[in-house]
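Number of protein chains: 2
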Amino acid sequence: MKAIDGGITAPQRFKAAGVKAGIKKSGKEDVAIIYSEIPAAVAAVFTTNAMAAAPVHVSREVAGRGLARAVVVNSGCANACTGEQGMTDARAMVKIAADALGVAEQEVLVASTGIIGVTLPMAKVAAGIQRAASMLSVEGYEGAMQAIMTTDTFPKSCAYEFPLGGTVARIAGIAKGAGMIHPNMATMLCFITTDAAIAPAALKQALHDAVNLSFNMISVDGDTSTNDMTAILANGAAGNALIDSTSHPDYPAFFAALKTVAVYLAQQVVRDGEGATKFLAITVKGAPDFASAKQAAMAVAKSPLVKTAFFGQDPNWGRILCAVGYSGAVVDPRKISLTIGDVGIVKAGLGSCYDEQALRRIMAERDIAVTVDMGIGAAEATVWTCDFSYEYVKINGEYHT
Amino acid sequence: MKAIDGGITAPQRFKAAGVKAGIKKSGKEDVAIIYSEIPAAVAAVFTTNAMAAAPVHVSREVAGRGLARAVVVNSGCANACTGEQGMTDARAMVKIAADALGVAEQEVLVASTGIIGVTLPMAKVAAGIQRAASMLSVEGYEGAMQAIMTTDTFPKSCAYEFPLGGTVARIAGIAKGAGMIHPNMATMLCFITTDAAIAPAALKQALHDAVNLSFNMISVDGDTSTNDMTAILANGAAGNALIDSTSHPDYPAFFAALKTVAVYLAQQVVRDGEGATKFLAITVKGAPDFASAKQAAMAVAKSPLVKTAFFGQDPNWGRILCAVGYSGAVVDPRKISLTIGDVGIVKAGLGSCYDEQALRRIMAERDIAVTVDMGIGAAEATVWTCDFSYEYVKINGEYHT
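Line order of the protein sequences matches chains A and B. The first sequence: position 171 = 244 (the working numbering), numbered continuously. The second sequence: position 168 = 241 (the working numbering), numbered continuously.
Some hints could be false.
No more than 30 Å apart at the CA atoms, straight line, and that leaves these computed lysine-lysine pairs for BS3-like [as the list claims (entries may be wrong)]:
hint	chain 1	residue 1	chain 2	residue 2
1	A	K358	A	K332
2	A	K88	A	K101
3	A	K467	A	K93
4	A	K420	A	K358
5	A	K75	A	K332
6	A	K168	A	K88
7	B	K197	B	K168
8	B	K88	B	K98
9	B	K101	B	K467
10	A	K420	B	K197
11	B	K467	B	K93
12	B	K97	B	K467
13	A	K98	A	K88
14	A	K408	B	K168
15	B	K97	A	K420
16	A	K467	A	K97
17	B	K358	B	K332
18	A	K168	B	K408
19	A	K98	B	K420
20	A	K88	A	K75
21	B	K467	A	K467
22	A	K168	A	K97
23	B	K168	B	K88
24	A	K420	B	K98
25	B	K420	A	K97
26	B	K93	B	K168
27	B	K420	A	K197
Bear in mind the hints are in silico, worked out from the structure with no lab data behind them. Since the structure is predicted, the reported quantities are computational estimates derived from the model, not experimental observations.
Working from the sequences, and respecting the hints, build out all of it.
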């Protein structure tokens with residue numbers, strides 16, 4: 074697998090565009106289209122939030138059919154908690170995009186991100202979609218990447234090529250964060266393209282499994298958004314023999330490539346978590362099963378006390394064991410061990426004499442690995458998170474006004 | 074019910090003391106004893122954290138017997154994650170206190186609060202307990218109240234008298250916060266005394282029910298501590314006819330008094346939440362049952378995005394509905410309504426035109442009521458919480474070092 078240039082349009086026969094439609098107060102890019110010149114298999118996963126936004130409902134219908142041509146996205150307004158008007162607007166976005174692209178409405182996914190509870194300025198949105206549709210190009214990936222951002226401080230994008238069924242396929246993705254990040258079956262917004270040929274059912278399974286190992290393993294603030302969505306379009310332009318099921322010999326290679334993209338983008342979302350100064354990999358091993366390992370790791374990742382301690386570079390490790398203790402996972406306090414970086418802190422439930430200088434050096438780094446060994450099983454899970462800083466409070470105390 | 078002076082020793086035949094034993098780096102009071110001159114019924118509830126501290130295990134045994142004479146407490150060190158040494162030290166604290174007080178070891182509860190993962194400096198602790206035991210007095214409630222504090226900025230105490238069974242009884246309590254507050258069956262530390270005569274089984278039920286309506290309805294940061302404990306001693310000195318069961322005619326009057334103390338102290342803990350600038354009462358009504366109302370209210374109370382928005386006085390109400398949406402409670406997005414203060418924001422799932430000036434005034438107040446009407450039932454729950462401020466990050470980034 075080799076990293077390549079070109080972002081979301083690196084796979085063959087994809088184009089994209091991002092334009093400034095005037096939805097964002099900042100005046101930056103806020104409408105994007107990602108387009109496949111030929112029909113593509115589609116799969117998507119969505120937020121489990123009961124207050125799911127209008128575009129989530131509309132895109133769920135499209136993804137259910139298994140074939141799509143385009144994704145239309147706006148930032149600056151989430152079109153969530155907007156009732157019937159929100160549904161009307163989301164459907165209108167689809168129709169305007171479909172008309173401009175000359176494709177069927179049933180082939181266009183729609184996504185929104187931004188402030189909740191405000192209806193879309195549809196005149197601006199419509200003009201933006203039409204302009205984006207007229208500007209589609211291979212180079213347009215840069216604009217599209219910008220147009221899905223909200224409080225993100227950098228765009229998140231990757232592209233790879235990989236051998237597949239005797240030929241070479243490409244896979245690429247873009248994602249945005251940066252707050253309300255605690256995905257449950259999907260993240261904020263992530264779009265993945267590939268020119269691999271794969272049937273919708275196999276694609277759906279691959280996406281589901283990849284998301285469970287990537288976006289569902291991250292948390293910035295424990296808030297599961299109303300608008301989370303991860304979608305993949307696979308247009309088959311690579312010319313590989315169709316991967317028609319998960320038991321096809323080329324499925325593992327495709328899944329490995331998809332997982333690489335999903336994990337990379339999920340980690341990028343955490344690295345750009347609102348106000349983040351640290352990237353924390355919380356691994357819980359020695360657990361009876363994956364679910365309880367994840368449950369314990371997620372409790373640590375969500376703990377404001379743990380997150381502020383890492384911000385302060387304060388090795389207050391008791392808070393980590395405290396969070397494991399209330400996570401609901403089975404714990405034997407006499408068997409638990411804790412390592413930060415390569416410094417063993419707790420062994421078999423007891424604080425040990427450790428090298429304080431070494432620990433201080435690790436706490437000062439940007440990337441820190443925390444490993445809890447439950448000592449009662451063989452399962453393991455890693456959750457990625459960031460710290461809680463003054464900047465997180467500032468960003469979120471001042472976002473609306 | 075009438076508020077009275079005198080704190081934890083206002084009930085008859087209770088004494089207390091708090092001394093500076095040198096456990097806290099600050100040099101402030103850090104060892105307390107609360108003592109009943111006559112045997113008292115005892116009940117206590119404890120943290121559900123699987124990493125429960127040594128004193129929790131020891132006090133659970135004492136409380137199980139139903140009779141006690143004293144509580145010995147230290148701050149500055151939680152005696153949690155301290156293994157066998159921690160158990161030995163907790164039992165030693167009990168023995169030292171029992172010997173100094175001339176009571177049986179089986180009659181002394183022990184509690185600790187402070188940093189996790191460090192063993193107690195037992196020489197200092199022992200000297201402190203002996204000095205406290207020698208200084209017990211009715212006036213000692215002030216020292217005791219100080220000695221249980223950690224990052225608290227003010228002591229939390231109340232005392233009331235109330236008519237009971239033809240006589241007058243007294244009930245009083247002290248509590249400490251101020252971080253790692255998301256109690257589950259108890260809060261950090263809370264001690265309640267009463268001179269009412271009540272049997273251990275009825276006392277246990279009353280405490281359990283009162284805690285479920287008070288300490289289990291608050292959250293500062295979502296972290297359930299390793300050391301949470303709420304204990305009550307009832308020594309019967311008021312001379313009322315013994316309340317021998319929950320069906321006794323005087324039980325409701327006693328329960329009401331206990332609930333008043335518990336709710337007052339729970340709210341005080343929230344008001345003094347680390348870095349708190351706001352006191353938020355999150356009410357969810359119109360829910361199918363209490364459990365789902367509490368589930369939804371607690372999700373709002375724990376959301377870092379909601380808490381930072383209130384800190385910023387930013388009426389970003391979409392975050393409140395988002396939290397309700399991911400809480401796991403049953404939600405019908407078309408029926409949900411939201412009121413902040415007396416300003417209706419969302420009606421039947423739709424943002425309504427509201428008085429922005431009025432909302433801005435409410436957001437500027439210290440005490441703010443948030444009411445979510447689910448519109449699908451008749452049950453209601455109120456959770457109390459505080460905002461997330463720069464100060465919370467500062468306090469918790471710098472606590473350890």
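| task | Measure nothing beyond the straight line between the CA atoms of K168/A and K408/B; if it is 30 Å or shorter, mark the hint as holding. | result | With a Cα-Cα distance of about 29 Å, the restraint between K168/A and K408/B holds, given a limit of 30 Å.
| query | Can the restraint linking K467/B and K93/B be considered satisfied, given a maximum Cα separation of 30 Å? | reply | holds (26 Å)
| field | Restraint check for K358/A with K332/A, where alpha carbons must lie at most 30 Å apart | value | Cα-Cα ~21 Å, so holds.
| Taking only the CA atoms, is the gap from K75/A to K332/A under or equal to 30 Å? | Distance ~14 Å between K75/A and K332/A Cα, so the pair holds.
| request: For the pair we were handed, K420/B and K97/A, check the Cα-Cα distance against 30 Å. | output: holds (26 Å)
| For the pair supplied as a hint, K197/B and K168/B, is the alpha-carbon distance within the 30 Å limit? | holds (15 Å)
| query | Are K467/A and K93/A close enough, with their CA atoms no more than 30 Å apart? | reply | The given pair, whose Cα atoms are some 26 Å apart, holds under the 30 Å limit.
| For the pair supplied as a hint, K101/B and K467/B, is the alpha-carbon distance within the 30 Å limit? | Holds. K101/B to K467/B sits at ~21 Å (cutoff 30 Å).
| task | Below or equal to 30 Å on CA atoms is what counts here, so check K88/A against K101/A. | result | holds (20 Å)
| If you draw a straight line from the CA of K358/B to the CA of K332/B, is it 30 Å or shorter? | Between K358/B and K332/B the Cα gap is close to 21 Å, so the pair holds against 30 Å.
| query | Has the given pair, K420/A with K197/B, been kept, meaning a C-alpha gap of at most 30 Å? | reply | holds (27 Å)
| query | Going straight from one Cα to the other, do K88/A and K75/A come out at no more than 30 Å? | reply | holds (21 Å)
Hint violations for this structure: none, all hints satisfied.
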